[in-house]
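Residue numbers (the numbering used here): 1 to 53.
Calculated directly from the structure, the hints in this document are not laboratory data. Cβ coordinates follow ideal geometry from the N, Cα and C atoms, glycine included. Careful: at least some of the hints might be erroneous.
[Claimed, not checked] FRET-style restraints, in silico, Cβ to Cβ:
| hint | residue 1 | residue 2 | range |
| --- | --- | --- | --- |
| 1 | N11 | L33 | 30 to 38 Å |
| 2 | R14 | Y47 | 42 to 50 Å |
| 3 | N29 | L50 | 27 to 35 Å |
| 4 | T52 | A15 | 50 to 58 Å |
| 5 | L9 | L46 | 50 to 58 Å |
| 6 | L46 | Y21 | 32 to 40 Å |
| 7 | L13 | K43 | 39 to 47 Å |
| 8 | A8 | T35 | 39 to 47 Å |
| 9 | F18 | L48 | 40 to 48 Å |
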Amino acid sequence: MIGNFIVALVNWLRATVFLIYQVLIKAQNLLKLFTLMFGALQKFPLYLELVTL
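Using the sequences provided together with the hints, build the complete structure.
Okay, structure coming up:
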């Protein structure tokens with residue numbers, strides 16, 4: 001009984017850690033994308049100036 005409980009607990013912990021890990025990877029990718037977009041937005045007025053010249 002106790003053994004089964006421990007196995008279930010370990011499996012649940014593993015699944016939870018895996019989920020958190022996946023979410024963190026996705027968040028990191030989103031952050032990278034956001035940073036790239038923000039960088040592009042900062043350069044955007046420069047592009048406009050070049051086009052309007």
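How the hints compare with the structure:
{"no.": "1", "hint": "N11 / L33: 30 to 38 Å", "in the structure": "holds, 33 Å"}
{"no.": "2", "hint": "R14 / Y47: 42 to 50 Å", "in the structure": "holds, 48 Å"}
{"no.": "3", "hint": "N29 / L50: 27 to 35 Å", "in the structure": "holds, 31 Å"}
{"no.": "4", "hint": "T52 / A15: 50 to 58 Å", "in the structure": "holds, 55 Å"}
{"no.": "5", "hint": "L9 / L46: 50 to 58 Å", "in the structure": "holds, 56 Å"}
{"no.": "6", "hint": "L46 / Y21: 32 to 40 Å", "in the structure": "holds, 38 Å"}
{"no.": "7", "hint": "L13 / K43: 39 to 47 Å", "in the structure": "holds, 45 Å"}
{"no.": "8", "hint": "A8 / T35: 39 to 47 Å", "in the structure": "holds, 41 Å"}
{"no.": "9", "hint": "F18 / L48: 40 to 48 Å", "in the structure": "holds, 45 Å"}
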